[in-house]
Amino acid sequence: MRKSLTKQIAMVFIGLMLLILFGNWLINSFFLEDYYVYKKQAQMVDSYEFLNGYQDSSSYATEDFLEELNVTCTENNIRVALLDSSFTVIYPGNEVGSILAATLETYLMQIDNSPKTILSTSDNYVIQKTQDRLMDREYMEIWGLLDNGCAFLLRMPLESIRENVRISSQFLLYFSILSILISVLLICWISRKITKPLKELTDLSKRMAELDFSAKYTSGGQNEIGQLGDHFNRMSESLETAVSELKTANNELQKDVEKKAQIDEMRKEFLSNVSHELKTPIALIQGYAEGLKECINDNDESRDFYCEVIMDEASKMNQMVKKLLTLNQLEFGNDTVTMERFDLTALIAGVVQSAGILAQQKGAQILFRETEPVYAWADEFKVEEVVTNYVSNALNHVDGDKVVDIKIHRNKDTVRVTVFNTGQPIPEEDLDKIWIKFYKVDKARTREYGGSGIGLSIVKAIMESFHQKCGVINYDNGVEFWFELDSRQEELTEREVSS
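Letter by letter, the sequence shown follows residues 1 to 499 of UniProt numbering.
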């Protein structure tokens, strides 16, 4: 990250720390000595006040005075010289005292020509900086007259002040370097600790922008960042719910649009197929009817043939319309399904008996060897329609050995009925399409036996109304159609299911 918040916070804190430490060192280097001198002036004035507090010069010889004076001089590194009015040394009585006394005499007599700087003056004393040429040292002094008539000189070496300032500056420099090293580490650690939840929130917001609501803020905390993270989590949950509802609504809308398009397409296809299927019989009926009207035929046999064709085509149209109505009711849920327990063996036997005449016409043999009752749950009349469609479809396509074999296979909770006919297998690319209404694998042959391509669509719709399965299997020597029904032995209450 080019502008990392961690780096920015660290740089700001480090910059402030460096500024403070550098400022302290700068002030210490350039102003501490002046401040030190100022404070020492105050100490020397206090010492003057201490000396001026004794009205009688004889008190300077007492032990109490000398002891207190020694303590003051030792603590403040001050040298003292006291002279009476005749310039006799009162304190101290040693060589140093004699040197200071001689210096004080030159000040009093105003014969001193050493370089000096006056710091402060009053009626009784002068505070000054002076240079001792012999010792090559600089001192701060206060000298003057006391109220008891004695003269005094207090001297403090400035070299000690400068040495203290130098040591102090050096110590501050070392301390600053160490402080910088420690502070940089602490600041970096604190910056990371502060920005870690912010980085987590940044990553969380990025993932939320990409509609990934599984990410949650986990760093916690009771401060403002912790509260912000909690708000992020709640916002994430709300957005996830809203997006989920939106997607659900969008999915339902998409389904409605697709369903509408599908219905529209089915309507167009239905009209096209019905028009196509009705065109031929209508044309035949119209042609033969016109022939009858114009008396093209001149004998009773021809007129009977014309009438039979018209009646046959009208019957086919009637059957197709009935099947379309039945399919329409099944597909749109307008038909009532009555579930009941019935004997499937007896039902199939009845269908086989009814199809006997058609089988004789086709020269085919229908095999059904089941004799024991097999009970199943379904709408008996609709199951009969399914079996009838399967058997008639098998007889219309039977070939080769011309055998139609019907079997019942018992399973645990279901029974499967299979209708097999010898002949040519259905092309693999057509297996999934044969259940579509008006779809015909061999249109010429279908037209030959009067098929409309609706029978298997009705079978599919009926089985879906039962919530059961149906299908087709190709074999080398023929085709097998099958369907399944519920065969549980429990006593079930008869019920009507709208599908």
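Calculated from the structure, these hints are not laboratory results. Check each hint, because a few of them may be wrong.
[Unchecked claim] Below are the DSSO-like pairs computed for lysine-lysine, each with C-alpha atoms no more than 27 Å apart in a straight line:
1) K362 <-> K402
2) K260 <-> K247
3) K196 <-> K7
4) K260 <-> K39
5) K196 <-> K129
6) K259 <-> K7
7) K260 <-> K206
8) K199 <-> K216
9) K412 <-> K402
10) K193 <-> K206
11) K407 <-> K469
12) K206 <-> K259
13) K7 <-> K206
14) K7 <-> K193
15) K39 <-> K7
16) K247 <-> K7
17) K362 <-> K412
18) K255 <-> K216
19) K216 <-> K193
20) K216 <-> K196
21) K433 <-> K255
22) K255 <-> K206
23) K259 <-> K247
24) K255 <-> K407
25) K407 <-> K362
26) K407 <-> K382
27) K40 <-> K259
28) K260 <-> K216
29) K260 <-> K196
30) K206 <-> K216
31) K116 <-> K40
32) K433 <-> K407
33) K259 <-> K39
[As the list claims (entries may be wrong)] Restraint ranges, calculated between C-beta atoms of paired labels, are given here:
34) L253 <-> R369: 33 to 41 Å
35) D256 <-> Q222: 32 to 40 Å
36) L16 <-> T241: 44 to 52 Å
37) R369 <-> R488: 36 to 44 Å
Using N, Cα and C, we set each Cβ at its ideal position, and we do this for glycine too.
Hints and how they fare:
Under the criterion of a C-alpha separation no larger than 27 Å, the hint pairing K362 with K402 is consistent with the structure, at around 8 Å. Our distance criterion of 27 Å between C-alpha atoms is met by K260 and K247, whose separation comes to about 19 Å. Pair hint K196 plus K7 holds up; C-alpha atoms about 12 Å apart against a cutoff of 27 Å. Distance hint between K260 and K39 is unfulfilled; the C-alpha atoms sit about 99 Å from each other, more than 27 Å.
Between the alpha carbons of K196 and K129 the distance comes to roughly 60 Å, so the proposed pair goes past 27 Å and is violated. A hinted pair counts as satisfied when its Cα atoms are at most 27 Å apart, and K259 with K7 does not qualify at roughly 58 Å. Between K260 and K206, the direct Cα distance comes to roughly 39 Å. Violation of the 27 Å bound is thereby established for this hinted pair. A threshold of 27 Å between alpha carbons decides the hint, and for K199 with K216 the separation of about 13 Å falls inside it, so the pair holds.
For the hint linking K412 to K402, the alpha-carbon distance of about 33 Å lies beyond 27 Å, and the restraint is violated. Proximity of K193 to K206 is assessed by CA-CA distance (about 21 Å); at most 27 Å being required, the pair is judged to hold. A hinted pair counts as satisfied when its Cα atoms are at most 27 Å apart, and K407 with K469 qualifies at roughly 17 Å. Distance check on the hinted pair: K206 and K259 sit about 37 Å apart at the alpha-carbon level, beyond 27 Å; violated.
With a C-alpha separation of about 21 Å, the suggested pair K7 and K206 falls inside the 27 Å cut-off, and the hint holds. Proposed proximity of K7 and K193 is supported: the alpha carbons are some 12 Å apart, at most 27 Å. Simply put, K39 and K7 have alpha-carbon atoms about 44 Å apart, too far for the 27 Å limit, and the pair is violated. This hinted pair does not check out: K247 and K7 have alpha carbons roughly 42 Å apart, beyond 27 Å.
Restraint check for K362 and K412: the C-alpha separation of about 37 Å exceeds 27 Å, so the hint is violated. Distance check on the hinted pair: K255 and K216 sit about 33 Å apart at the alpha-carbon level, beyond 27 Å; violated. With a C-alpha separation of about 19 Å, the suggested pairing of K216 with K193 holds against the 27 Å cut-off. With a CA separation close to 14 Å, the supplied pair K216 and K196 stays within the 27 Å bound.
A hinted pair counts as satisfied when its Cα atoms are at most 27 Å apart, and K433 with K255 qualifies at roughly 23 Å. In summary, the hint linking K255 to K206 is not supported, as the alpha carbons are separated by about 32 Å, beyond the 27 Å threshold. Between K259 and K247 the alpha-carbon distance is near 18 Å, which keeps this suggested pair within the 27 Å criterion. Distance check on the hinted pair: K255 and K407 sit about 40 Å apart at the alpha-carbon level, beyond 27 Å; violated.
For the given pair, K407 sits about 21 Å from K362 by alpha-carbon distance, which is consistent with the 27 Å threshold. Between the alpha carbons of K407 and K382 the distance comes to roughly 19 Å, so the proposed pair stays at or under 27 Å and holds. This hinted pair does not check out: K40 and K259 have alpha carbons roughly 102 Å apart, beyond 27 Å. At most 27 Å may separate the alpha-carbon atoms for a hinted pair to count; K260 and K216 exceed this at roughly 41 Å.
For a cut-off of 27 Å, the pair hint linking K260 to K196 is broken: about 53 Å separates their Cα positions. A threshold of 27 Å between alpha carbons decides the hint, and for K206 with K216 the separation of about 12 Å falls inside it, so the pair holds. For a cut-off of 27 Å, the pair hint linking K116 to K40 stands: about 17 Å separates their Cα positions. Only pairs whose Cα atoms come within 27 Å are accepted, and K433 paired with K407 is accepted, the gap being roughly 25 Å.
For a cut-off of 27 Å, the pair hint linking K259 to K39 is broken: about 98 Å separates their Cα positions. Checked against the given bound of 33 to 41 Å, the beta carbons of L253 and R369, roughly 54 Å apart, lie outside it. Remark: the range hint 32 to 40 Å for D256 to Q222 is contradicted by a beta-carbon distance near 49 Å. In this structure the hint that L16 and T241 lie 44 to 52 Å apart at CB holds, the actual value being about 46 Å.
Checked against the hint of 36 to 44 Å, the C-beta distance between R369 and R488 comes to roughly 25 Å, which is inconsistent with it.
Against the hints set out earlier in the document, violations occur for numbers 4, 5, 6, 7, 9, 12, 15, 16, 17, 18, 22, 24, 27, 28, 29, 33, 34, 35 and 37.
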